[in-house]
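If you read the protein sequences in the order shown, they are chains Y and Z. Okay, so the first sequence: first residue is 689 according to my numbering, each after it adds one. Okay, so the second sequence: first residue is 13 according to my numbering, each after it adds one.
Heads up, some of the hints might be wrong.
What the hints assert, rightly or not - Subject to a maximum C-alpha distance of 20 Å in a straight line, what follows is the list of computed EDC-like cross-link-like pairs (lysine to aspartate or glutamate): (1) Z:Lys162 - Y:Glu744; (2) Z:Lys15 - Y:Glu927; (3) Z:Lys169 - Z:Glu197.
As the list claims (entries may be wrong) - To give a feel for the contact side, a few chain Y residues facing chain Z, derived at Cβ under 10 Å: (4) Asp742; (5) Leu865; (6) Val882; (7) Leu960.
Hints in this document: simulated from the structure, not taken from any laboratory. Being a predicted model, the structure only gives us computed values, none of them experimental. Glycine included, C-beta positions come from ideal geometry on N, C-alpha and C.
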Amino acid sequence: MSAPSTTAEVTAADTAGRWPLLLLLASGLVWLVLSGVLALIASIQLHSPGFLADCESLTHGRVTSLAETTFIYGWAANTGLGVALWVLGRLGGAPLRALNWAVVGTLFWNSGIALGLVGIATGDATSFALLEIPRYVQPLLVAAYVAIGVSGILAWNGRRTDGTFASQWYAVAALILFPWLLIAAQTMLLWSPVRGVLQAVVNGWYVQGAFSLWLAPLALAGVYYVVPKATGRTLPSYEFASLSFWTLLFVGSLTGGRHLIGGPVPAWIPTLANASCTMLLFHYAVVALNLRGAFSGGGTALRFISFGLVAYLLGAVLDAVTAFRGVALVTQFTYFSTAQQQLALYGGISMFLFGSLYFAVPRLTGRAWASAALVRGHLALASFGVLLLVVTLAAAGWTQGHDLTRVATSFADIAAHTRPWLLGVTAAQGILLLGNLLLLVNFAISVSSVCCSAPAENSFRQPSTMEAHAS
Amino acid sequence: MMKNGFLFFIGLLAAFVFGWGGIALASHLQLGALAPYYDDGEGSTFPARPPGIASRGQLVYADLGCASCHTQQVRRPDFGSDKDRGWGERQSVARDYIHQVRPQLGESRTGPDLANLAGRKAPYDAAELTQFLYTGIVPGTRVLSHPPYKFLFDERKIDGEVSANALVLPASLAPAAGRQIVASERARTLVAYLQSLNTPYEFPEARPATPAPAAKGGAHK
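Given these sequences and hints, build the entire structure.
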C-alpha cells in the first residue's frame, strides 16, 4: 500500500475530525458495554431458565434481540463508521468535510437505536434476525446512516491522490451498500412483506449481506490501513486485493441460505449457499496473504488484528464446512451456529475494530493511551474471553447436535449435558464485559485529558510513542 | 476500475443487484404466487386458514421472542430425528406457511420444534400448556425446563365464583387460600396459537420422491 509515513503522525485531517470521530467511537464503546451486560443475562438464562423470567422485557428472546441489536447497530456500526471516516479522510489527503452532517447523523443514529431497544423491550420487535428494531424506527436509521456517510463519500470523491487503496474501497462500499441493503430488507420484510417462507429467505440474505457488504468491509477498511502503517511495510500480494474485494461483494450475500438447509425452501437456496461459501474462501485467502505482516509486528493494534485475522479465516472455513448437509445435520439449530456467529462477529470483526481503534485514538487525541496497563488488561481479557466463548459454545453445540439426532435423549438430558459448557459461556461473557469496561475507562481518561489541556500544535511524534505496547 | 469513481460505483451496484436478484428476487419469482392446494377428494383447500385468535397468538409468540429457542420447521424423515421425535410425519414445505403473516421458522432448537405441537402426537392439551407457561415445569416432572412466564397471568382474589380461566395448580405451586391465578388474554391467545400448530395434510411436494409419478386426487387451482 503506501510507503511508511514520513509526515507528522497527527495530521491536519485528524485534528479537524477529532471530535466528530471521537463521538462515533465513544458511542460505540458505550453500546459495547451495554451489549455485554445483555449478552451476560441471555447466557445465564440458557442454564438457569428461571433467571429474570418474571421480567417481561427480558424474556430470553427479547434479551437476545436486545444484545444482538446493541452489538451490531450500536458497537460495530458506530465504531466501524468512525474508523472508516478516519481512513477516508487520511487517504483522501484533506480534512474531512461535512462533519456537521456526521455529528447530526451520529446523534440520530444513536437515538434511533435507543428507541429501537425500548421498542424491542416493550414487545414491538419485528422477529426478523438482525432486523429486530421496530418498523417505526427503521427509516430514521437509513437517514442517519446516510448523513454520517456523506462525509466519507465527499472525502472519496475529492481525493487528491491518483491511485486508490484497498481500505478506501472497503470503506466506500460499506458506506454506499448498507443503505441499499437496509432499504431492500425493510421493503421486503416490513413495509410490503413477501409471503410465507420467503420472509426467511430474504431475512437470511439480509443477515449475510449485513456481514459481507457492511460489517466485514467496515472492519477491513480499518485493518487494510493500519497493518501497513503499523508495520511500516507495503502489503504483500497486493495485486490480488481488488479481486478479493469484488469476490466478497458479489459472492458474499449469496451464502445467506446456509441456515435453511433441510428447511421448507427450494433446495437450490442452500445449495447455492454451499457453493458460494467455498468460492468465498478465495477472498479470505487473499486477506490472509495481504495482512500476514500483522503477525510479525508488536504493538497493541497488530496484536488485536492478528487475533482477528485468525478468527476471520477460521470463521470462513467453519461456515464453508457447516454449509454441507452432512455437517449441518449435527450443527444446525444448535449453539454451534451461535459459536460461528460469535467467532465472526466478536473474534473477527470486533478484534479488527479494536485494533483500528487502538491505532486511531492516539492520532485523534494527539497523545498516547492514558494507561498501558489497561490496554494490556483489555487485550488479555478480550483474547481469552473470545477464545473461551467460542470454544464453550462450539462444545455445547456439538453435544446438543449429537443429542438431538438421538431420539432417546430427552430435552432435560440435553440441558444437563450442555450445562457445564453453558456455564463456561457465562464466564466468557463476564470476562469480555470486564475487558470492555477497561477499554471504556481507558478511552474516557485518554479523551478527557485532551479537553483539559490542548496538545501542542503540529506535534511530530514517532509511531512508537503513540501506542501503548503490550509486550 | 478502482481509480474511476463512476465505474467503481457501477461495480458496487452490480454486486448488490447480483446478490439481491440471486436470492431475494429469484426465490420470490419462484414462490411468490404459491396458492393453497385444492383437494377434490376432501372438497376443501389446504392449508386451512388459522382461526383469528391463533393469528393474534402468533403476535404474542413473536413479541416474546419464542423463536429464539423453538423452530417451526420439520426436516425430512431421513435427515435428523425430527420424525422419530414426533415433530411431524413429513417435512415442512413452503405451502404450509402461506397463510401466516409472520412465519416463525426459527434457527435454534434449545427447545423442541413446535410445527406440529397440536398434531397427532400432541403431548399436551390446552390446560396443560397454560399451566406449563406459568410453572415452567413439564407436567409429570419436577425440573424447571422453561422460563416460568408468570407475567402472562394475574393473581386475584376469588370473588364469588372461581374464574373459568383460573389455573389448576399442584399444591406446592397453588396461591394462598381465597386467591386464584388467572390466565391473561395474551396467555390465552398464545395457547390458542400453539393449539393451532398442525400440518396434517400431505401435499404432493411433501411426499418422498418416488420414481413412479402417482398423481391422484387434487388439482392445483
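A quick look at each hint next to the structure:
Only pairs whose Cα atoms come within 20 Å are accepted, and Lys162 (chain Z) paired with Glu744 (chain Y) is accepted, the gap being roughly 9 Å. The suggested pairing of Lys15 (chain Z) with Glu927 (chain Y) holds, with an alpha-carbon distance near 14 Å, which does not exceed 20 Å. Taken as a hint, the Lys169 (chain Z) and Glu197 (chain Z) pair is honoured in the structure, with Cα atoms around 18 Å apart against an allowance of 20 Å. Because the smallest distance between the Cβ of Asp742 (chain Y) and any Cβ of chain Z comes to about 5 Å, under 10 Å, the interface hint for this residue holds.
Evaluation of the Leu865 (chain Y) hint against chain Z yields a held restraint, the C-beta minimum of about 6 Å falling below 10 Å. Look at Val882 (chain Y): its Cβ gets to within about 6 Å of chain Z, closer than 10 Å, so that hint holds up. Annotation: Leu960 (chain Y) was flagged as interfacial toward chain Z, and the flag holds, the nearest CB pair being 7 Å apart, inside 10 Å.
Of the numbered hints stated above, none is contradicted by the structure.
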